[in-house]
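There are 4 protein chains.
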Amino acid sequence: MQDQPINIKKIGVLTSGGDAPGMNAAIRAVVRAGFYYNLEVYGIYRGYEGMINDDIRKLDSRSIAHVLERGGTFLKSARSLEFRTPEGRKKAYDNLKSHGIDALVVIGGDGSLTGAHLFYKEFGIPAVGLPGTIDNDLFGTDLTIGFDTACNTAIGAIDKIRDTATSHDRLFFVEVMGRDAGFIAINAGIGSAAAAILIPEKKFPVEKLIDRLKFREKAKKESNIVIVAEGGKSGGAQEISEKVKKILPTYDIKVTILGHLQRGGAPSSFDRILSSKLGVSAVEGLLKGKFDVMVGIINNKIVYTPIKRAIIDDKEVDDEDLRIAGILST
Amino acid sequence: MQDQPINIKKIGVLTSGGDAPGMNAAIRAVVRAGFYYNLEVYGIYRGYEGMINDDIRKLDSRSIAHVLERGGTFLKSARSLEFRTPEGRKKAYDNLKSHGIDALVVIGGDGSLTGAHLFYKEFGIPAVGLPGTIDNDLFGTDLTIGFDTACNTAIGAIDKIRDTATSHDRLFFVEVMGRDAGFIAINAGIGSAAAAILIPEKKFPVEKLIDRLKFREKAKKESNIVIVAEGGKSGGAQEISEKVKKILPTYDIKVTILGHLQRGGAPSSFDRILSSKLGVSAVEGLLKGKFDVMVGIINNKIVYTPIKRAIIDDKEVDDEDLRIAGILST
Amino acid sequence: MQDQPINIKKIGVLTSGGDAPGMNAAIRAVVRAGFYYNLEVYGIYRGYEGMINDDIRKLDSRSIAHVLERGGTFLKSARSLEFRTPEGRKKAYDNLKSHGIDALVVIGGDGSLTGAHLFYKEFGIPAVGLPGTIDNDLFGTDLTIGFDTACNTAIGAIDKIRDTATSHDRLFFVEVMGRDAGFIAINAGIGSAAAAILIPEKKFPVEKLIDRLKFREKAKKESNIVIVAEGGKSGGAQEISEKVKKILPTYDIKVTILGHLQRGGAPSSFDRILSSKLGVSAVEGLLKGKFDVMVGIINNKIVYTPIKRAIIDDKEVDDEDLRIAGILST
Amino acid sequence: MQDQPINIKKIGVLTSGGDAPGMNAAIRAVVRAGFYYNLEVYGIYRGYEGMINDDIRKLDSRSIAHVLERGGTFLKSARSLEFRTPEGRKKAYDNLKSHGIDALVVIGGDGSLTGAHLFYKEFGIPAVGLPGTIDNDLFGTDLTIGFDTACNTAIGAIDKIRDTATSHDRLFFVEVMGRDAGFIAINAGIGSAAAAILIPEKKFPVEKLIDRLKFREKAKKESNIVIVAEGGKSGGAQEISEKVKKILPTYDIKVTILGHLQRGGAPSSFDRILSSKLGVSAVEGLLKGKFDVMVGIINNKIVYTPIKRAIIDDKEVDDEDLRIAGILST
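Chains as they are written, first to last, in the UniProt record's numbering: chain A, 1 to 330; chain B, 1 to 330; chain C, 1 to 330; chain D, 1 to 330.
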């Protein structure tokens, strides 16, 4: 990380990796802040793929009209294999130069930030990353763009599932997103009065789950919702439900996998504001000479973390959250 | 169907089969109409199971406070194997008699109405059925209770999925409910600008789907959503997606199965009003001597159809709807 | 109304008057159907104002991408004073001719259809009208575009208001849209278990309202919601609330005027399908020589009604709905 | 604030002041945590009013089933004039004693906490307060219960209003809640791309607003939304709109006052989790001897602040938020 302001006139902005609600709000904030500081802003379409294919267009005020409130990313996103090769990155660099782009704002997850870091090291293009992923699994920020919306979407869906679970005295296994991280599962679990929460980071043996369910049966709870993160150690919702079915054959058990609907939708109030702040701070960071960093919010303050650290260090789930979840589900 | 008014003092109301949003609004309307006509109303819990187990309680004004807007059914629902036996039905009859219940309102689908019909034939207990199922597959009513809400839920979820489909130029297969009937699929398909709609009632060969997708590719459509009813002739969404993947290996294909969340949620405006009207009309039907019938709305008019006909005759999807869908998706 | 097919090659489409959710879906259907029948379709922006100012652009497949699910109208709307003058209409006609536009599809309410009728009479430009207004006050269709969404929006808002009404044992007056027609009020009232519904079409003396409230107090109802259509005979929500306050000074009374949020939002499933069907049918009507008509749906069938009749005849609220509302609110 | 653990066996919980979404989730957490620590928990209905009238009932597991996801407060709330008198408080104390209640959890705003503080001073009843108010105007916590939901509700409503604002190129003044504090207005403003945000804490002269609107007109912005906090220094939305109308008579200006719908609705994911944590921490605080404090979350940590300080100190809006809002709206 350097802090030597350089002369920046044109910046490029891209979204990469899985899309997340709030990415559009972040792009808008980057563009607005760019204009505020008299920069030209270029949209790079389909992430690094568009950088390689020169799918790059100057953005104006109209480009960002009515995008704040929309899910997805109007710059589109894609995974680029070619950018992983030196030849691909060389092509991308040449395209940036031909447009005169001095610096980058990259919105995405782990892999997207890694790309920016590599690119900076090889070609010296200053870049600030924004944590854009519903999974919340990035070090260097309390919350990532899209996480709050994904939790609200999950909870809204589970509210509906609860209606039918209760009407039929059923046990529902609901699988939420989170391949390596249980953040969505924990929030969805606390927020939906779940009987249990199964996450990748912690073991939750089937026996313990059975005990919990039997305890709740005695306490006359009429329905049960168990939240399973897709990357859970005990298998996905389908697998774990089958194990339970064998041990509790009289239970009426159903499985719902929420899937990709968790990625979309109008961003929540929180995500709109987080994205807006981070977008402005990314541009201001560039102007202050903060390169090769990810901008995040920690304890309500803007913090710039070296990308290298953001992608290597793990953000861990809060044991206190799990303790609270335990107290609330018994 | 007879039309000889008899002296009814106490009615029982139950929900049976899969729950549907609007069932609570229907129960409320039955209770309110009952009070209006000076009847006592008894809630029979967990459908026919509760009739057999004497899980029957008198309802008052407080029982139905704040239920109109809630999904599911506060009387709960269950499938009863015992009610399919003559012994089970005898027990149920005895319980009704011990409470002095003269007549029944049964809210549910095909199977639930069949039960009411059988029960009427065997014991002469007057019953009016209400079409309560999200599938809309009942003859004798234009729309069933819960169908409109389920369509809105499906469309809301697909709106979110479209965000991510468009951001990634993806092909999404979205499976909606409808084991034997394509009503939800057709509405969700028209309502979400689907590339194709696959329903149980009509063949849609994979070749035709491939042609459609290629045509849209030429027309520069960047994303595709294909709606598949769970009981589709060509298999579920997972199966059909795998067939397409083999033929179009470069497509980025994802599958989402909406599942049980389609059953829950606060009922839509339409379902609240439909349920309210049918609930009142059920009670008024009983008082006018309309027994062994299902009450529905056809062309904006209340219509009483013999249950026997409602459960035997099929409601068919409207070819005109499919024609419109075809014009809109090309 | 004539039924003589003429040779139509280019059609213009516009939205006029107050916007309504589903207008975009209707425009999309007109464009798609146009393409299907090998027509060119021109978008006329800001209603008749754009016809006069030549704000007319050819629409293509991209113009209508991702509009189906959005509220408002991307063609925009405006009220045009100039179009009410012969000079204004002459200018508009000249612009249409300069683009070679043979026929029009006009989406809007009363005033918008009147304009189309006048224009047809004066210049012989064939036009089909679509009923686009949240108020549902057009003869010739069971339901207008946007009405179902507006009812759902109103009910969703009232569900939130009920939370606070119940928590505080309050009496809430909620004013919904409907200057001349009580359709939204009746649906919102039945759908939200209202204590009373005050509409422009019927008198509801304050004394009767007081009686109703006292009756409910005796019945231990803890909260009350009274729905008032903005054009109610007894005054708006504010006025009537003050009258009640004087008579029942101990009541904790609040007023909420829902206002313009009832006009916006993603269209409901029903409105998307209605709009889609009407849009296709408008184009097919033109091709079959149905001019100077409004296309609507009556008893689930497409019906073409002479515009003159649609704007002169009144659609009346259903007394049966009011009777049901009465039974449910006591 | 003392930290001397005493022997607590029975706790009472109440909600007071304006209701806020998440209050039910907080009550549930208090009850669940109480059971976890082998306490009896009593619900005190209608706030201090119920304490005086002995409207106090023991809560069990069933009392809190399916309340987490509901807006409002099932314990109900009321403002109590009698509790402001020594006689009233004496009555209240006697009632608590007669039930053997040792300690209190009070969920509410400023006034509610003041009551708890006074009561503790006079009768030594240990109490922990929870910040329950949509206004977010309490010192001692980053966010209050209900604030995030209220922001989401406001933003959802403004999203709808934007549809119609854009369709008609209108200027909308939207009034949100916040009599003394601009927190909702700032979030709603940033989250809805507002042209300007008027809050009680800062002057925003009409001239500046006019300049902003003219600047945006030049920049071809077609619609404008101005957010006004109800307690704004420049008057409410109606008043300020009239001033603007006089200066810009050609603008099409509308006003919407969101009103009480901002108080209700299912709590957001964030509010469910915040309420759950605070509810558990309140009980744990009591058991650790933390009395006469409000429990909040500051920088992601549970913090107990003396009630006296919480009610005297002001929470100030973040100037950085206003700076960001300024950059984004130009």
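I should point out that these hints are in silico values taken from the structure, not numbers from a laboratory.
Treat each hint with caution, since some may be false.
It does not matter which identical chain is meant; a pair holds if it fits inside one copy or across any two.
Unchecked claim - Below, computed lysine-lysine pairings styled on BS3-like, alpha-carbon distance capped at 25 Å:
#	residue 1	residue 2
1	Lys315	Lys301
2	Lys221	Lys10
3	Lys315	Lys254
4	Lys58	Lys97
5	Lys254	Lys233
6	Lys221	Lys308
7	Lys218	Lys301
8	Lys90	Lys218
9	Lys58	Lys246
10	Lys243	Lys220
11	Lys245	Lys308
12	Lys315	Lys233
13	Lys10	Lys214
14	Lys221	Lys246
15	Lys308	Lys214
16	Lys218	Lys246
17	Lys246	Lys9
Results of checking the hints against the structure:
1. Proximity of Lys315 and Lys301 under a CA criterion of 25 Å is satisfied in both settings, with 18 Å inside one chain copy and 17 Å between copies.
2. In this homomeric assembly, Lys221 and Lys10 come within 25 Å of each other (Cα to Cα) only across copies, at 24 Å, whereas the closest approach inside a single copy is 60 Å.
3. Proximity of Lys315 to Lys254 under the C-alpha cut-off of 25 Å is found in neither arrangement, the shortest distances being 32 Å within a copy and 28 Å between copies.
4. For the identical chains of this complex, Lys58 and Lys97 are intra-copy neighbours only, at 14 Å inside a copy versus 37 Å across copies, given an alpha-carbon limit of 25 Å.
5. Within a single copy, Lys254 and Lys233 get their C-alpha atoms as close as 20 Å, and across copies as close as 23 Å, so both meet the 25 Å cut-off.
6. In this assembly of identical chains, Lys221 and Lys308 lie within 25 Å of each other by CA distance neither inside one copy nor across copies; the values are 48 Å within and 38 Å between.
7. In this homomeric assembly, Lys218 and Lys301 never come within 25 Å of each other (Cα to Cα): the closest approach is 47 Å inside a single copy and 35 Å across copies.
8. Neither within a single protomer nor between protomers do Lys90 and Lys218 lie at most 25 Å apart by alpha-carbon distance, with minima of 65 Å and 31 Å respectively.
9. Neither within a single protomer nor between protomers do Lys58 and Lys246 lie at most 25 Å apart by alpha-carbon distance, with minima of 59 Å and 39 Å respectively.
10. Taking the shortest alpha-carbon separations for Lys243 and Lys220, only the intra-copy value of 23 Å comes in at or below 25 Å, while the best inter-copy value is 46 Å.
11. For a Cα distance limit of 25 Å, the shortest separation of Lys245 from Lys308 qualifies neither inside one copy, at 45 Å, nor across copies, at 37 Å.
12. Taking the shortest Cα distances, Lys315 and Lys233 sit within 25 Å of each other inside one copy (18 Å), while across copies they are farther apart (43 Å).
13. In this assembly of identical chains, the alpha carbons of Lys10 and Lys214 never lie at most 25 Å apart, being 63 Å within a copy and 28 Å across copies at closest.
14. In the homo-oligomer, the alpha carbons of Lys221 and Lys246 lie at most 25 Å apart inside one protomer (21 Å), although the nearest pairing across protomers, at 47 Å, exceeds that limit.
15. Within a single copy, Lys308 and Lys214 get their C-alpha atoms no closer than 47 Å, and across copies no closer than 43 Å, so neither meets the 25 Å cut-off.
16. Within a single copy, Lys218 and Lys246 get their C-alpha atoms as close as 20 Å, which meets the 25 Å cut-off; across copies the closest is 50 Å, which misses it.
17. When the C-alpha separation of Lys246 and Lys9 is checked against a cutoff of 25 Å, the pair qualifies neither within a copy, at 65 Å, nor between copies, at 42 Å.
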